[in-house]
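Asker: Residue numbers (the numbering used here), protein chains in the order written: chain B, 1 to 95; chain L, 96 to 576; chain W, 577 to 1062.
Some hints could be false.
To be verified - Listed below are the simulated BS3-like cross-link pairs for lysine-lysine, each with C-alpha atoms no more than 27 angstroms apart in a straight line:
| id | chain 1 | residue 1 | chain 2 | residue 2 |
| --- | --- | --- | --- | --- |
| 1 | B | K92 | L | K251 |
| 2 | L | K196 | W | K714 |
| 3 | B | K42 | W | K715 |
| 4 | W | K715 | W | K663 |
| 5 | B | K42 | W | K615 |
| 6 | L | K209 | L | K485 |
| 7 | W | K714 | B | K42 |
| 8 | W | K585 | W | K607 |
| 9 | L | K224 | L | K399 |
| 10 | B | K92 | W | K952 |
| 11 | W | K663 | W | K595 |
| 12 | L | K174 | W | K952 |
| 13 | W | K595 | W | K669 |
| 14 | W | K952 | B | K9 |
| 15 | L | K196 | B | K75 |
| 16 | B | K75 | L | K507 |
| 17 | L | K573 | B | K75 |
| 18 | B | K92 | L | K174 |
| 19 | L | K539 | B | K75 |
| 20 | L | K507 | B | K92 |
| 21 | W | K963 | B | K9 |
| 22 | B | K92 | L | K232 |
| 23 | B | K9 | W | K615 |
| 24 | B | K75 | W | K715 |
| 25 | L | K484 | L | K520 |
| 26 | L | K435 | B | K92 |
| 27 | L | K573 | L | K539 |
| 28 | B | K9 | L | K174 |
| 29 | W | K669 | B | K92 |
| 30 | W | K585 | L | K232 |
| 31 | L | K209 | B | K92 |
| 32 | L | K353 | W | K963 |
| 33 | B | K75 | W | K833 |
| 34 | L | K485 | L | K429 |
| 35 | W | K913 | L | K224 |
| 36 | B | K42 | W | K607 |
| 37 | L | K539 | B | K92 |
Unchecked claim - Computed list of chain W residues with no C-beta within reach of chain L, every gap over 10 angstroms:
| id | residue |
| --- | --- |
| 38 | I693 |
| 39 | K904 |
| 40 | S962 |
Calculated from the structure, these hints are not laboratory results. All C-beta atoms in this analysis are idealised placements derived from N, C-alpha and C, irrespective of residue type, glycine included.
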Amino acid sequence: MAATNDYIKYIAGLAKLSLDDDEMQSLAEDMQDIIGLMDTIKDIDTESIDATEHISRITNNMREDNPGNPFDTEKILSNSRYAMENCFAIPKMIE
Amino acid sequence: MKYIPTIGLEIHAELSTKSKIFCDCPVSFGGKPNTRCCPVCTGMPGTLPVLNRQAVEYTVKAGLALNCEINEYSKMDRKNYFYPDLPKAYQISQFDLPICKNGGLTINTPEGEKFIRIERIHLEEDAGKLLHDSYDKYSLADYNRCGVPLIEIVTKPDLSSSEEAKEFVEKVRLMLLYSGVSDCRMEEGSLRADVNVSIRPFGTDKLGTRTEMKNINSIRAIVRAIDAEIQRQSELLDEGKEIIQETRRWDDNKGESKPMRSKEDAHDYRYFPEPDIVPITFTKEEVEAIRNSLPELPDKRFAKYTEVYGLSKADANLLLTSVSLSDFFESTAKECGNPKAASNFIIVEVLRRLNDSGLSAEDIPFGGNVLGRLLKMLEAEEITAANAKKVLAEMFESGKEPEAIVAERGYKIINDTGEVENIVKDILAKNEKAVAEYLDGKEKTFGFLMGQCSRALAGRGNPKVIQDILRSELSKLKGGM
Amino acid sequence: MDISRLTIKEARRLLDSKKISAVELTNIYLKRIQELDQKIDSYLSVCSESALQQASEAQKIIDSGNSQPLCGIPLSIKDNICIEGIKTTCASKMLEDFVPPYTATAVSKLESQNAVILGKVNLDEFAMGSTTENSAFKKTKNPFDLSRVPGGSSGGSAASVSASLALGSLGSDTGGSVRQPAAFCGVVGMKPTYGLVSRYGLIAFASSLDQIGPIGKTVEDCAIILDAIYGQDPKDGTSLNYKPETSYASSLSGGIKDFRIGLPKEYLTEGLNSEVRDALYKSINTLEKLGAKVEEFSMPSLKYAVPAYYLMSSAEASSNLSRYDGVKYGYRAQNCKTFNEMIGRSRAEGFGREVKRRILLGTYALASGYYDAYYKKALKLRTMISKGFDQAFSKYDVVIHPTTPETAFKFGQSTDDPLSMYLADIYTVSANIAGLPSISLPCGYDSKGLPIGLSFTGRPLGERDILRAAATFEADFAPEFKVPEL
Chain B
1 MAATNDYIKY IAGLAKLSLD DDEMQSLAED MQDIIGLMDT IKDIDTESID ATEHISRITN
61 NMREDNPGNP FDTEKILSNS RYAMENCFAI PKMIE
Chain L
96 MKYIPTIGLE IHAELSTKSK IFCDCPVSFG GKPNTRCCPV CTGMPGTLPV LNRQAVEYTV
156 KAGLALNCEI NEYSKMDRKN YFYPDLPKAY QISQFDLPIC KNGGLTINTP EGEKFIRIER
216 IHLEEDAGKL LHDSYDKYSL ADYNRCGVPL IEIVTKPDLS SSEEAKEFVE KVRLMLLYSG
276 VSDCRMEEGS LRADVNVSIR PFGTDKLGTR TEMKNINSIR AIVRAIDAEI QRQSELLDEG
336 KEIIQETRRW DDNKGESKPM RSKEDAHDYR YFPEPDIVPI TFTKEEVEAI RNSLPELPDK
396 RFAKYTEVYG LSKADANLLL TSVSLSDFFE STAKECGNPK AASNFIIVEV LRRLNDSGLS
456 AEDIPFGGNV LGRLLKMLEA EEITAANAKK VLAEMFESGK EPEAIVAERG YKIINDTGEV
516 ENIVKDILAK NEKAVAEYLD GKEKTFGFLM GQCSRALAGR GNPKVIQDIL RSELSKLKGG
576 M
Chain W
577 MDISRLTIKE ARRLLDSKKI SAVELTNIYL KRIQELDQKI DSYLSVCSES ALQQASEAQK
637 IIDSGNSQPL CGIPLSIKDN ICIEGIKTTC ASKMLEDFVP PYTATAVSKL ESQNAVILGK
697 VNLDEFAMGS TTENSAFKKT KNPFDLSRVP GGSSGGSAAS VSASLALGSL GSDTGGSVRQ
757 PAAFCGVVGM KPTYGLVSRY GLIAFASSLD QIGPIGKTVE DCAIILDAIY GQDPKDGTSL
817 NYKPETSYAS SLSGGIKDFR IGLPKEYLTE GLNSEVRDAL YKSINTLEKL GAKVEEFSMP
877 SLKYAVPAYY LMSSAEASSN LSRYDGVKYG YRAQNCKTFN EMIGRSRAEG FGREVKRRIL
937 LGTYALASGY YDAYYKKALK LRTMISKGFD QAFSKYDVVI HPTTPETAFK FGQSTDDPLS
997 MYLADIYTVS ANIAGLPSIS LPCGYDSKGL PIGLSFTGRP LGERDILRAA ATFEADFAPE
1057 FKVPEL
């Protein structure tokens, strides 16, 4: 499946990467090659094979419903320079 | 009807676990922003989700209460999209293998009973909240609600009117309350619904284009939103216009909906199995154990109350509005052996007190068996109805047992006719004038004499007994003259 | 004391017999870092103050006679593993100023043995790459030849141990990122069975493939570190509830007489450099001399290991890296008017090129219409490869192969040609795909003096088999073992 440059542009949009034209162009070229390598898997028939969704072969690894102490809010906000009123501030949104 | 409406619902209920679904942050309503978060639920780098067992069990319980099959193997999946209320930029949810499937509930419609199918119930995490009002240039993100466990109940498009939707949501709510999995407080957001509406011309089969209205959080709003949308779509079709498939926001204050700016320009969620959470499996025995832990559900109780106990539908429904009330009624009925009397007394006296003081059935400071004992005394005519009310009041206030209150206040009706006779004779002796008037033919003085006797007996007289003895004494006097 | 030959085992003996104090030992390393790391550029941040404090705490424990194996031992930590209060950057502009308020479980376990953390070492950005050239901050050099790459993504870990700027290191391995740099830098590196070591605090690249792994001068040193860091963690729902009967460090002896060793034919491709091939066969001779039986076998599904790996890892990475949106932490682009503009530009400006490639590939592999042909198919290949190994391990105790097709190459060679980079992962990715333990150790040096790595891969939870095979080989190879001249 040769991915068109337009489609790769669409993928970049899905992934929220606002690339400028030059970068978009050169990444699209890289992607053509890389997808070419990925396409080699078309040669093998996996119709009757189940997908492995979890490699660790265990199930039901759950925790008990015991609430802990609340984490320090200061620490939660500490890595943002845009904290206001105990919240994370972002450009105004209209929903 | 020119158009046939088709309605589907996606109901989200917050599970009443003590901690969040993937971390041990405590769950409760309200609170200062970001005070109930941790690195896991705020999606900090290197953190990992660990699944809350209770959330899984509650999901199974909800599924069983809603007549679903439980998938013996299920898993979590990632739903990827960018939005500031979603810290990881993916929601851990369930895609193709939800915990519950193929269930439903029967509702009552004017045309009779109707079964509304539930396609699936899955477990997922809630997102945070965005606040827009404080600043002109900024919106604020609060992640307290991130990671609260939610179940999403998805119906098939079997509903045909806002009334049916109302019935259905109310019934789902009751089932969830009875299962103990959610407090279903719509005003606090722990129960909310997305509504899908489409219409098609009468006589056709193909479903029309549907629109979606998200996060409606009251039953009244659900009804209004559905009616308004049916109206809006009908008008569009009448004018020969097309209905656009879109998500709309329902504004209950204005009574209208508007198209929403889409959360994702392209709705490609790129679902894939969540690698950080291993699969969830159940044995048949485990599912049965969970089923056995469910209390008797409202449907069964309603049938019992109406068919076996002979209560009216209205009374039955009233008693069923909460698990606590219903349980309270049942233990009262069990103790006193007269469900109808128990029902009447609870509805008239107990519910009234609760409503007046803004309390609910959970707040009743004594068990139904204790009330049952009071009712037994009433039934056995050991106390008057009037005093029974007084005893009830004191039971609420002082927490004392009914027997103790009756003894202390001397409410016990004197059934010893000898003692009553003496008192009656005493009254007659002290009221010669009234007796004379009665014997003369003035029936009215009987009432006066009754009153005097009752007072003298300090309310411990069985009115019927007093009446009989008074009449008999008076007729003796008559005869004696 | 020849610091370039010092091992954790030997340092323990020196510390416990009071021949050297913990503070002295730490100071030796801090001084060496100061003098030599300008040549190597392995450290992104050095924690001198806290390291010396940890050393003096360790000394108290040593004095009381209660020292655990890593007490007072100076280690480096790859900078994608979180330590509370210390910058953890993932060598990315995106996390340049990120200071985590929590510590990775593996590091907590080291701290509970009173190990000394010298600092955080360099990596390919977000662990994506095989040369450490993708770091946004520094270019780490191979101590054996400063014009060549140390490998990646745990290049800083391998280089710091190789140049004796740390006695051991914690790296992370998603497709070979511990073993390949260990091979390039002439040291030992291992990836445990998936789930044996907690991933809590390891900044995620590909959740179903990542594992934290030790790098050391010897097999025993790696085993000592592994003993300290493995174990079920309530904070990691994929971590295993497993405890070996005896410690890994005590499982190295016994020799390999009658050990059955398999060599996959599919690995003997044209791309395998002739000197590496020669070293492989020389090693096989050694192993046979030591009593093992080595045999070639075929596992056709291995042909698809590289594309399967890149599809799976990129897909998971594209999702794991979505959280970097500038909202809660990390780089945020300036003067953005809308939320969409803010995240689009923050991510475009904060991420390097290789990261963007992987995100694009991963998003593509998961996109509607492509999911079945790419991601889902990769998961099916995963099944085939796992089953292939299951079959192999019914016949063999361990599987053997070169760690890399070539020795360390020059700087700049890879950046033009991502595809050839990906293909060079051919030997290492299958252990990650199947969740198997694997260890790389030096087995020779090419004509340029560059180290050649040999790998042993074992069945799930088969660490003891690979450690024993590696330790036995290592003992025989010891006279040839070289350290870089710096």
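Asker: Are the hints correct? Go through all of them and say.
Answerer: Hint check:
Restraint check for K92 of chain B and K251 of chain L: the C-alpha separation of about 37 angstroms exceeds 27 angstroms, so the hint is violated. Between K196 of chain L and K714 of chain W the alpha-carbon distance is near 54 angstroms, which puts this suggested pair outside the 27 angstroms criterion. At roughly 37 angstroms between alpha-carbon atoms, K42 of chain B and K715 of chain W are farther apart than 27 angstroms, so this suggested pair is violated. Proximity of K715 of chain W to K663 of chain W is assessed by CA-CA distance (about 19 angstroms); at most 27 angstroms being required, the pair is judged to hold.
Note on K42 of chain B and K615 of chain W: the hinted pairing is violated, with a Cα-Cα distance of about 46 angstroms set against a maximum of 27 angstroms. For the hint pairing K209 of chain L with K485 of chain L, the CA-to-CA distance comes to about 46 angstroms; that exceeds 27 angstroms, so the pair is violated. Between K714 of chain W and K42 of chain B the alpha-carbon distance is near 39 angstroms, which puts this suggested pair outside the 27 angstroms criterion. In summary, the hint linking K585 of chain W to K607 of chain W is supported, as the alpha carbons are separated by about 21 angstroms, within the 27 angstroms threshold.
Pair hint K224 of chain L plus K399 of chain L does not hold up; C-alpha atoms about 44 angstroms apart against a cutoff of 27 angstroms. In summary, the hint linking K92 of chain B to K952 of chain W is not supported, as the alpha carbons are separated by about 39 angstroms, beyond the 27 angstroms threshold. Taken as a hint, the K663 of chain W and K595 of chain W pair is broken in the structure, with Cα atoms around 34 angstroms apart against an allowance of 27 angstroms. The suggested pairing of K174 of chain L with K952 of chain W holds, with an alpha-carbon distance near 16 angstroms, which does not exceed 27 angstroms.
A hinted pair counts as satisfied when its Cα atoms are at most 27 angstroms apart, and K595 of chain W with K669 of chain W does not qualify at roughly 44 angstroms. Straight-line distance between C-alpha atoms of K952 of chain W and K9 of chain B comes to about 23 angstroms, which keeps the hinted pair within the 27 angstroms bound. With a C-alpha separation of about 41 angstroms, the suggested pairing of K196 of chain L with K75 of chain B is violated against the 27 angstroms cut-off. Distance check on the hinted pair: K75 of chain B and K507 of chain L sit about 67 angstroms apart at the alpha-carbon level, beyond 27 angstroms; violated.
A hinted pair counts as satisfied when its Cα atoms are at most 27 angstroms apart, and K573 of chain L with K75 of chain B does not qualify at roughly 96 angstroms. Between K92 of chain B and K174 of chain L, the direct Cα distance comes to roughly 25 angstroms. Compliance with the 27 angstroms bound is thereby established for this hinted pair. Between K539 of chain L and K75 of chain B the CA atoms are separated by roughly 84 angstroms; this puts the pair beyond 27 angstroms, and the hint is violated. Restraint check: the Cα-Cα separation between K507 of chain L and K92 of chain B comes to about 72 angstroms, which exceeds 27 angstroms; the hinted pair is violated.
Annotation: proposed proximity of K963 of chain W to K9 of chain B is violated, straight-line Cα distance about 38 angstroms (limit 27 angstroms). Straight-line distance between C-alpha atoms of K92 of chain B and K232 of chain L comes to about 5 angstroms, which keeps the hinted pair within the 27 angstroms bound. Pair hint K9 of chain B plus K615 of chain W does not hold up; C-alpha atoms about 41 angstroms apart against a cutoff of 27 angstroms. Simply put, K75 of chain B and K715 of chain W have alpha-carbon atoms about 32 angstroms apart, too far for the 27 angstroms limit, and the pair is violated.
A threshold of 27 angstroms between alpha carbons decides the hint, and for K484 of chain L with K520 of chain L the separation of about 30 angstroms lies outside it, so the pair is violated. As the CA atoms of K435 of chain L and K92 of chain B are separated by approximately 60 angstroms, the hinted pair breaks the 27 angstroms bound. In summary, the hint linking K573 of chain L to K539 of chain L is supported, as the alpha carbons are separated by about 16 angstroms, within the 27 angstroms threshold. Proposed proximity of K9 of chain B and K174 of chain L is supported: the alpha carbons are some 21 angstroms apart, at most 27 angstroms.
A hinted pair counts as satisfied when its Cα atoms are at most 27 angstroms apart, and K669 of chain W with K92 of chain B qualifies at roughly 25 angstroms. For the given pair, K585 of chain W sits about 60 angstroms from K232 of chain L by alpha-carbon distance, which is inconsistent with the 27 angstroms threshold. Simply put, K209 of chain L and K92 of chain B have alpha-carbon atoms about 46 angstroms apart, too far for the 27 angstroms limit, and the pair is violated. With a C-alpha separation of about 54 angstroms, the suggested pairing of K353 of chain L with K963 of chain W is violated against the 27 angstroms cut-off.
Between K75 of chain B and K833 of chain W the CA atoms are separated by roughly 56 angstroms; this puts the pair beyond 27 angstroms, and the hint is violated. At most 27 angstroms may separate the alpha-carbon atoms for a hinted pair to count; K485 of chain L and K429 of chain L meet this at roughly 23 angstroms. With a CA separation close to 20 angstroms, the supplied pair K913 of chain W and K224 of chain L stays within the 27 angstroms bound. Restraint check: the Cα-Cα separation between K42 of chain B and K607 of chain W comes to about 55 angstroms, which exceeds 27 angstroms; the hinted pair is violated.
With a CA separation close to 82 angstroms, the supplied pair K539 of chain L and K92 of chain B exceeds the 27 angstroms bound. The non-interface label for I693 of chain W is consistent with chain L: the shortest C-beta to C-beta separation is roughly 16 angstroms, beyond 10 angstroms. For K904 of chain W, the non-interface assignment is contradicted: its Cβ lies about 6 angstroms from the closest Cβ of chain L, within the 10 angstroms cut-off. Distance to chain L confirms S962 of chain W as a non-interface residue, since its nearest Cβ pair spans about 15 angstroms, more than 10 angstroms.
Violated hints, in rising order: 1, 2, 3, 5, 6, 7, 9, 10, 11, 13, 15, 16, 17, 19, 20, 21, 23, 24, 25, 26, 30, 31, 32, 33, 36, 37 and 39; the structure is consistent with all others.
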